[in-house]
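J.: Chain by chain, the residues:
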Amino acid sequence: MTGSLHSATWYRVAELTPRLRSHAEAHRSVFRGAVWYVIEDHASGAYLRVSEAAWRIIGLMNGRRTMEEIWRAAAEALGDDLPTQDEVIQLLIRLHRSDVLHAAIPPDMEQVVQRGRQDDRKKRLASLRNPLAIRVPVLDPDNFVRATGWLVRPFFSWFGVLLWLAVVGGGLFAGLQNIDALHANIADRALTAGNLLLVLAVYPLVKAVHEMGHAYAVRHWGGEVHEIGIMFLVFMPVPYVDASASSAFRSKWQRAGVAAAGIVVELFLAGAAAMLWGLMEPGLMRAAVMNVMLLAGISTLFFNGNPLLRFDGYYVFADLIEIPNLGTRSTQHLQYLAQRYLFGIKTAVSPAMAPGEATWFTVYGTLSLVYRYMIMLTIMLLVAGMFFEVGLLLAFWAGILLLIVPAARGLRFVLASPRLEGHRLRALVVSGGLAAVVAWALFVQPVPSATIVRGVIRAPETARAVSGADGFVEELLAQPGETLAAGTPILRVTDPLLDFRVRQMDARIEELRLRRFNALASDRVQADLVAQELSLAEEERALAIERRGEQIVTAPVAGRLLLPAGDDLVGRFVRKGEALAWVIGSEPGVVRVVIPEAKIDLVRRHIDAVQMRLASTPLEPVPARLTRGTPAAVPVLPSAALATEAGGPIPVDPTAETPLTPVGTVFVMDVAPADGRPLTALGERVSVRFDHGPTPLGAQLLRALRQIFLRDLNV
Amino acid sequence: MSDSFPAPAAGSFYPRAPAVPKKSKLDHWVERFTTLPRRRLQARPTRMFARRVLRHGRRLTGLSDAELQEEVRATAHALRAADGRPREALLVRSFAVIRECAGRELGLRHYATQILGARAVLNGAVAEMQTGEGKTLAITLAAGAAALAGRRVHVITANDYLAGRDAETMRGLYARLGLSCAAVVPDCSPEERRAAFAADIVYASGKEVAFTFLRDRVAMGGRAGDIGLRTRAYFEGSALLLPGLQFAIVDEIDSVMIDEARTPLILSVPPADAEVEADAARAAHAIASEMKEGRDYRLDRLRRQVDLTAKGCDRLEERAAQLPPAWRPAPIREDALRTAISAIHLHRRDEHYILRDGKVEIVDEYTGRVMPDRSWSAGLHQAVEAKEGVEITSRRITLAQITFQRFFRRYIHLGGMTGTATEAADEFWSVYDLPVVRIPTHKPPRRRTWRPRVSVRAAAKWARVAARARALSAQGRPVLIGTRTVAASEAASAALTALGVAHRVLSAAQDADEAAVIAAAGRAGAVTVATNMAGRGTDILLDEAARAAGGLHVIMTERHSASRIDRQLAGRAGRQGDPGSTEAILSAEDSLLAEFGGRYGRFMARLGGPATLSALSDAQRRAERSHIRARRRLLELDEQMAENLAFTGTPE
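Order-wise, the sequence lines are chains A and B. Here the first sequence stands for residues 1 to 715, numbered as in UniProt numbering. Here the second sequence stands for residues 1 to 652, numbered as in UniProt numbering.
I should point out that these hints are in silico values taken from the structure, not numbers from a laboratory. A quick note: this is a predicted structure, and the numbers were derived from the prediction, not measured. Do not take every clue at face value.
[To be verified] Taking lysine-lysine pairs in the DSBU-like style, the calculated list, with each CA pair at most 30 Å apart, reads:
#1 A:Lys346 to B:Lys311
#2 B:Lys25 to A:Lys123
#3 B:Lys207 to B:Lys311
#4 B:Lys292 to B:Lys311
#5 A:Lys346 to B:Lys359
#6 A:Lys122 to B:Lys25
#7 B:Lys387 to B:Lys359
#8 B:Lys23 to A:Lys122
#9 B:Lys207 to B:Lys359
#10 B:Lys387 to B:Lys292
#11 B:Lys359 to B:Lys292
#12 A:Lys123 to B:Lys23
#13 B:Lys23 to B:Lys292
[Claimed, not checked] Chain A regions said to be covered by chain B (calculated; three or more residues, Cβ under 8 Å):
#14 10–16
#15 71–77
Heads up, the beta-carbon is just placed ideally off N, CA and C, and yes, glycines get one too.
Please construct the entire structure, taking both the sequences and the accompanying hints into account.
T.: This is how it looks when you write it as structure tokens:
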């Protein structure tokens, strides 16, 4: 027995003769083997759960007995279970707060009005505190649900269960059958702009059906639904119903049933949609059906059905393990654990009241905390990415609420809470230690940091067999794949004009020679001039002949011949200087990587090691080295394989005149395998990892954040 | 200009300020930067106002008494007609009239600074006026103007003696203004009390007003609404003692509203079944004496708890018939037995309590001081009395309780004066919404502060104090030795006697004799030992010889729990432009260090010199902080209880 039986404030209630208001109704229910009473206020729709001992004290309140008499009587009746006077006062306060207490004395109206104002204000502030989930009650659907109840009643039966199983099973079957088509469709369309509009239209409808599921379930088991409204979840209007009437249900299966009704309805919708999708022709309707399937199926499984988030799954779960208010009490339990074991406060009280609850609280509390933070972070990033400035502001706000506010609250608790009196030093040391560990992990302990970029394999410069002249490819003199010695002819290019040019020059030379001969006799000066012209023409002819010789393309080095175009080359017109073939010899090829602007700073600053993985052998990391030290900005991508259209990482500007002009600035660097192995698959995509050496995580995050700001806001 | 005399809501029978919604932390924070500076600016009176009052006053000096009487009446009419919002000129006129009446009645005309102070009070602020600037007289301006405007004015003083004295002094002035004035005498009958509070201007200590208010609230029986009150008043004759809380002017506002605000005021009565309770305590003691440790109960000495074993419970059940019927149910009888056992084994005489004149008096665990007024709760006190076989005092049943913080907020208009408010300005603002305004002194202060002296041993300190007193007294200067406790006064007196210095000792009896002694403390060569509380509100008037010798010298023998109180003590020297000096003579064995020094501070203090001094200052800061925290906590608890227990009606 801890604490005193008597209370210093008992005098305030000792002479009261309270009773429950007549509109309050009590329901008996069993939670984890213990009997509890749920008091329902029909007027306000509030629910209050009290223990058996408390209920017996309430039972003694008849409006004539004073609290002093009640307490004495309870002392005889309850023996060791007698609540202390403080506990009885707390019970009265709770009853009063739920507006089910009639105290036979006019209450302090000033205080009551003030409390009402404070509650109002709290409600208004709540939406400000969480701008991503704002509730707006709209109407009382009770009459509607009552009137249309007969429509859905048949479904609460074996027939309903069978129908549901049939549809959901059928949908699953249809979905599996068309899994490939579905998969392709999802990848193509799910996140396109047009489809997002469709999702916006379909989502509230699906949710409306879902909520009506709750409402009918409550109605079916005898409860009433008095509030339906719209919640703006991340600005998306979503209907909600107030199904708290189910907490008065006696059977936990019924309570869980109400909570599960939404999921059941959505899965039904998803099943039906999957079957329809298989039958329909492509078009708007089919797209809508697919969205229904996705939303009702996947969102239900990952969000609604997930007990770690405070959606339907949570309530089903909490009802089934018979721990009401699981989430809040888990948080309290975690706080209790911290106070009890970290700060050494022996008087801290756990909210666990029944056997087994403590374990549930610990496990659930930890898991949901981690999960909630993950989900919130994801949503924050998503929102920040989608709505830019406003989104960034919202994400900032959410970040403050999620990180700064709890931290500040914790700090205030440690620094100023009177509960820590006598334990403050320990609390300070422990929290300081924890903070130091976190700070160390974030800002001191280095973790590997790397930039991963894509590149393509390019042949070395020396391996290019270049056409020496313009002309048509006449014939191939060597077969692709053949091993050639340096200087071996590979193909011949002919320029028909070149022969004529030689002949033209021959004729010209002949002409000039004759003119010179003629002039020698009459005018020696003239003859000298012609002689010079002649030598010019002879040079030109020699050039033309030389060019005719260059029409044979030879292997620049010894090695294996690569002819990407193969036989198609024959008959093609090629320009002088165009690479027609490659001879891969002892010198390996290089990988030309493209680095987007955002990553270039890190790459430029410090590279510890380079590693590449070829697309063909992704499991084998190849150590590499830089061949060209400084990255250079380029106006055009080195290969089409790097553009997003071809599955690469770099988006290409379709409006640009030059093909393969990237959006934004990109830089290129050349990387070669460190072991000098030949890279023969020209144009193969390679993933290259620049290791920058270990850097603390905090510094990495800060730089990423800074870059987001720089990119989106120019600050 | 805001309302100078805010009116109670029309038709309200028991006027008082409505409970304001509790402000959130954010509100407080925002208001610090918005409302507070504005209110400070509004509350600060301009010197122009004082000049206008003085100028207007010159015109009045020529009037005959009858003409002045007519002028008073005309001013009162104008003030009432102004309906709580008098124009500046009207305020000037009323101040001038009151000033002139004071001049004719008391021979004292208000200085400009007093006019400014009174104006700040009307503006709803705390006026910080140095000690000796004539706060009592300044208050008459504000109180008189408000009463002329038809408000019921409460002048709250630091103790009952001051209330009576001030009312007596000022009665003539108020009578000349056509106002009645009364002081509330403690322990008077309800009729006398009602009669006193019916006066236009009531002088009373804070405790008296607050307890009267509580009594009224209990009498109302939770019916706080005006209709309920009216009905009751009609049927039962006006049973209420207070005609509401309208206009309060608090003298020494920091001592009333801050120093005394650490404990709630509790109105309690002995229970109807006191005799039965005493029987129960004796019976429980008898049963407990038969029990054996180990067999019947286990003691947890560390946590000071008693656990009954199953055997012990059975034994108790057999003997339950010895207890009165109401104590027989199992949990209650076991609680009583546990308390009795704890009284026998866990509370030892001369360690936890002492016996004095057949009474059990608690010894404070931390300070080792005897606390005669305190008693243990939850039946423990009775159990210890049963153990000692002394007469069993009855437990007291609380009827109502209120904290000063919440009580004073219930006044529609609140203002105050003190010599030392700056240190507590934050608290005045956050708790009472009162800005603090500094009023300049009438004459430039000539008080000098000497370097503090510290010694390690308390004995050395007292020797030094005595030597200093002897030396200065020989020069013809009066010396005041300020102490924190009666015990310290005794030590100082012993040291003085050892050196053969004639002196007088004052403890905080707060009566007329004491005031006389304090008033005589200004004679040349007089040495007076007084606790800080002694003679508050009485000026030490210097005679010519003393002034010529250099004025009063104040020796502080300890740091008080707030630097504010140190300043109050220092303020006794050098009042109204007199010469004077003050010094602190301290030691490392001062009780402040023991209570608030902490281990490190106590260690540092033993080093002597500057280390001791800084340790003492540290301890003082710590004490201030801890008291502020305690007051804030008390207020929070009080507010929370009021909110939670709203359904039980309004007992306070």
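J.: Each hint should be assessed against the structure and marked as holding or not.
T.: These are the hints, each one checked on the structure:
{"no.": "1", "hint": "A:Lys346 to B:Lys311", "result": "28 Å, holds"}
{"no.": "2", "hint": "B:Lys25 to A:Lys123", "result": "17 Å, holds"}
{"no.": "3", "hint": "B:Lys207 to B:Lys311", "result": "50 Å, violated"}
{"no.": "4", "hint": "B:Lys292 to B:Lys311", "result": "10 Å, holds"}
{"no.": "5", "hint": "A:Lys346 to B:Lys359", "result": "36 Å, violated"}
{"no.": "6", "hint": "A:Lys122 to B:Lys25", "result": "13 Å, holds"}
{"no.": "7", "hint": "B:Lys387 to B:Lys359", "result": "12 Å, holds"}
{"no.": "8", "hint": "B:Lys23 to A:Lys122", "result": "12 Å, holds"}
{"no.": "9", "hint": "B:Lys207 to B:Lys359", "result": "26 Å, holds"}
{"no.": "10", "hint": "B:Lys387 to B:Lys292", "result": "16 Å, holds"}
{"no.": "11", "hint": "B:Lys359 to B:Lys292", "result": "28 Å, holds"}
{"no.": "12", "hint": "A:Lys123 to B:Lys23", "result": "16 Å, holds"}
{"no.": "13", "hint": "B:Lys23 to B:Lys292", "result": "55 Å, violated"}
{"no.": "14", "hint": "10–16", "result": "holds (count 4)"}
{"no.": "15", "hint": "71–77", "result": "holds (count 3)"}
Against the hints set out earlier in the document, violations occur for numbers 3, 5 and 13.
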